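Engineer: Spelled out from the first residue to the last, the chains are:
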Amino acid sequence: MSTRLAKGGRLIDRTAPLEFSFNGKRLRGYKGDTLASALLGSGQILMGRSFKYHRPRGVVASGAEEPNALMTLGKGATLEPNQRATTTELYEGLEARSQNHWPSLEFDVGAINSKLSKYLPAGFYYKTFIHPRPLWKHLFEPVIRRSAGLGPAPTERDVDRYEHFYWHTDILIVGGGVAGLQAALSAAATGAQVTLIEQTAHWGGRAPVDGGTIGGQSPAAWITGALETLRSARNVTLRSRTMGAGVYDHGYALAYERITDHAPDPEAPRHRLWRIRAKQIVTATGAIERPLSFAGNDLPGVMLASAVRDYAVNQGISPGDRTVVVTNNDDAYRTALALLEAGLSVPAVLDARDAATGPLPEAVRARGVPIHCGTGIATTLGKSRVTGVTTCLQVGEGAALETIHCDCVAMSGGWSPVVHLWSHCGGKLSWDTERLCFKPDPAKAPTGADGLPFVLPAGAASGISHLAAVLTDATEAGALAARRVGTEDMSSAHPHPVPDVSAPQESAIAPVWLMPQGASIEKRGKMWLDYQNDVKVSDVQLAAREGFESVEHTKRYTTLGMATDQGKLSNINGLAVLAGALDADIPDVGTTTFRPPYTPISIGAIAGEARAEIFQPLRHTPMHAWNDANGADWEPVGQWRRPYCYLQPGETQDEAVAREVLATRNAVGLLDASTLGKLLVRGPDAGVFLDRLYTNMMSSLKPGRCRYGLMCNDNGFLMDDGVVARIDAQSFLCHTTTGGADHIHQHMEEWLQTEWWDLKVHVVNLTEQFAQIAVVGPQARQVLSALGGLDVSAEALPFMGWVDGTLAGHPVRVYRISFSGELSYEIAVPADQGRTLWDKILEIGAPLGITPYGTEALHVLRAEKGFIMIGDETDGTVIPQDLGLDWAISKKKEDFLGKRAQSRSHMADPNRWKLVGLETLDASVLPDGAYVLGEGENANGQRVTIGRVTSTYRSPTLKRGIAMGLVLHGPDRMGEIVEIGLLGQGQVKARIVDPVFYDKAGEKQNV
Amino acid sequence: MSEAYEPHVAEVTGQGMLTLRADLSAPEITAAIQSATGLAVPQPRQITSDADRSLAWMSSDEAMLFCPRAEIASLLVALSDALGEAFATCVDVSDARRVYEISGPGARECIAKLTPAPMAPERFGPGEMRRTRLAQVATALWMPAPDQVRLMCFRSVAQYVEDLLAVSAKPGGALRVFAD
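Taken in sequence, the protein lines are chains V and D. When we follow my numbering, the leftmost residue of the first sequence carries the number 194, and every step to the right adds one. When we follow my numbering, the leftmost residue of the second sequence carries the number 759, and every step to the right adds one.
Since the hints were made in silico from the structure, they are not lab data. All of these numbers come straight from a predicted model, not from anything done at the bench. A few of these clues could be false.
[Said to hold, decoys possible] Mimicking SDA-like on lysine to any residue, the simulated pairs with C-alpha atoms at most 25 Å apart in a straight line are: (1) K472/V to A878/D; (2) K1033/V to L869/V; (3) K928/D to L272/V; (4) K953/V to P902/D; (5) K928/D to D351/V; (6) K472/V to P802/D; (7) K224/V to A456/V; (8) K928/D to T890/D; (9) K472/V to R889/D; (10) K928/D to S433/V; (11) K928/D to A456/V.
[What the hints assert, rightly or not] Some, not all, of what chain V presents toward chain D, calculated at C-beta under 7 Å: (12) Y359; (13) A426; (14) T430; (15) S433; (16) E961.
Here a beta-carbon is modelled for each residue, glycine too, at the ideal position from N, C-alpha and C.
Modelling step: build the complete structure from the supplied sequences, incorporating the hints.
Structural biologist: See the structure below:
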């Protein structure tokens, strides 16, 4: 049973008790507790169940590497699954629930999986996916879906807010342990801008727990002094509760700040993602202790030695009265000393090495603790928590020597530097044969755009462990980073001093990847490598036997290191076992790839402010508010929102569209056309420039006149279309499609800047300067006349002309152009006056039945007239000739973009599908994208197709379905009947007709 | 810890804007612009100001003139006269953009939550012009005074920008990392 000690606990405030709940049970902890320490203090060792076998699990670590103690925190709109109890700071009212158990944490039906473990070996999924297949659907999948999985996904919208913060700094130092602090002091002394971040709430890392002296003081006193110095420096920014999540190209780094997780505050953002640009990044990220692989090493009560002393020293926790320490190195003896210091019993230290003679073992020995060298654990005893161990010879097969009763096992398999951030952007590792760890290889650092290193490790993250070496290394790292950012002058003049350090020397670690080294298969099947994903030594060995030699393949086959902890504890042990099974050296097997984030970060932090209304920018026209208030049924067009139709009460979409079309054909309609692209092209060479961009001739256009033009890309495909108006000798206004405005602007600038830089042409995007209102229909002229101020008679403003003037007192430019076949005026007015003019037109047009119409009516109107639409009739593979637009392709011009491409054999092929109209014999509406069916089947056994429908609508004017499509030899087959597939729902007969369904002579617009 | 986070966001109304496209390195062009506007042509990433007019560098061949709306028409004429036959284009774009001013405690932090441009006082201050982005839309930033940030955006995304700034300026979001 774990409990709270009567005294001690340097981080907790015993005068500030906090209440929290665990699985509904009310428990108490103190300010300064983590959820894990508070649970241990309340005697709660069992904290969860494993993923696959539902084995009982207790907390094993004390920090970010924790694989077992995953909790679901909060409920409803604040629910968050899979939170590590070790990194969750306790606060008043915290609600935690354990995961992955049914019906309860103490009694779990799924734990039967554990008995079946021999039937769920590595690669179980892969093997059974292939054979026997029917078992998956009916047996394996239902069972596995029931038993696997961690916490529940939230079902309510997150009530918290999140934000980003962009930060620029010379030097980013990740990790606020003594190495990070010293590196910051060293770098800041040069005058460089330094940012130091620490993932926990406390500065100084492990040093206050592990002891020694720095500058003649205790580590805690030295840390306080260092912080004071750094806080008073103007060039230093300190941030705790901020984790370095990832390092990316160009000195970009992400840091994850947990602002209110420890003290919920609805006013403040919950998490903040720092998006940092640093010239140099120092990774002072410390090291993580490794477990040892002995049978039953996953029982609750078996913990990392460092975690045991962390809990004892930091939070005054007794992990149990009797703790057996098992180790292959000297560092674990610190745990024995810490426990003895707290008045607890250490019945034995089991040291797998042949001898333990350093100052730390001697100190333990001096306290009367028996140290058994050459000895390991044969197996742990106990069912849902450890009650003892049997010892064995490390060199043997595991025959029991003696049984030691205990309620905690503190294990240490050595330390692995945290190399994640070093590795994210390509930093390479080397294997340290003395310290038995992968460490950053300074010769192969991540490099920036200049080819020079931009990340450097400091302290324990470099692969060193002695406190004196750590502080020396950190001092040098800080100075080197400063030298690289160019503040070296001051650094060489006033090098920051390395403080005097005293700490006990440690003797060498011994490689112990299996305990005992000759363990039987039965024992190896109980040695957990990956606690969270239930991967054992036997699984990795099986994978090796089955031919998985690559560590990346083994990882995926066994799921080693694939859980939410990403193998922080299991990776090195796993690949050492793999190397052993392959008779290879560990560095030859290598590591899996380290990818950001270092530990999981919230999706909210990634999204930042981008949610709800501002998930994406929505572009509004000047008439947006009117549209919104008058039934607009919104349709996204690029980032614009345009009314698809204006719904009146009780109307369906189809009814609204029909009403709008008929009103426009018979009286007058009104369209918000403000989204159309409006590009001013101006300069002495504007005509030459446009002749090259458009397929037809634009330079011959007279001022006051408009011309429809087509624009192709250099592969000849139709890209955009629109009406060009000539303003004066040097100026044209080019209308583009709504979606094409920015693209065509960019297209023009690209040609001007990269190829035709000799042309004197400016392009100014005036799309948003003007609101554009189309007044369309037989009564359109009456409406404009009534507005007053402008002569809009057929003589003064003929078809395809434009004039400047005033309408109802507003400065306007009126284009007489038509995309509907009706008499039509498009009125451009300064955007700020758009809404006023729109309102006046509605008022004046009301007696005539003026009807605002949306994009769907616009589409129907143009389709009735056989006008093509970019994006319907074109899809990036269509050339103007396919659409019968040969009339708009100049034969006189020497060249234009697309000309040469259009003469290629495939483009000139008479078998290209060409545009025709399609009329179903039964007047029905064809489905969009339907294929025109040919004879027989192709080589793939599919029905041969000879065309496809590109636009299809119900025409309210003609009271029937109309469609346009691209059909093989279509224009030569007028009047023929073809069959059109109804997308798997049979077929329908249609007649090939002229695409102009309505007013072929164009009489309606010619008035 | 007592410093408040109270960025104040307000739209700048009545703002006239002229786009000026011409070779800003040509002496005859810069002289003509100066004579017509009374403002020196800014160096790259700079903005020059005098009273209620400012001239901002947008690219090597584009500048943006800020002035009271009422002066637009006369300035267009003055520029046209001064530039004569030179290859230059001046257009009124006052309606195409919106301008906002962010002032008060935390103004820099409020913007730095949305733009990748450096907002630290030692990296950005009066006289500078930054074309960058605000979350997902294009923007340009400048500082008329040490405690004021102005930004412009396209008119169509004004609502988005207002919503962004409102969220960013919410109380409780202080960082206190800029030494100003």
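Engineer: Each hint needs a verdict: does it hold in this structure or not?
Structural biologist: Each hint, compared with the structure:
no.: 1; hint: K472/V to A878/D; result: holds, 16 Å
no.: 2; hint: K1033/V to L869/V; result: holds, 22 Å
no.: 3; hint: K928/D to L272/V; result: holds, 24 Å
no.: 4; hint: K953/V to P902/D; result: violated, 34 Å
no.: 5; hint: K928/D to D351/V; result: holds, 18 Å
no.: 6; hint: K472/V to P802/D; result: holds, 24 Å
no.: 7; hint: K224/V to A456/V; result: holds, 11 Å
no.: 8; hint: K928/D to T890/D; result: holds, 23 Å
no.: 9; hint: K472/V to R889/D; result: holds, 22 Å
no.: 10; hint: K928/D to S433/V; result: holds, 22 Å
no.: 11; hint: K928/D to A456/V; result: holds, 18 Å
no.: 12; hint: Y359; result: holds, 5 Å
no.: 13; hint: A426; result: violated, 11 Å
no.: 14; hint: T430; result: holds, 5 Å
no.: 15; hint: S433; result: violated, 13 Å
no.: 16; hint: E961; result: holds, 4 Å
Consistency with the previously given hints fails for numbers 4, 13 and 15, ordered from lowest to highest.
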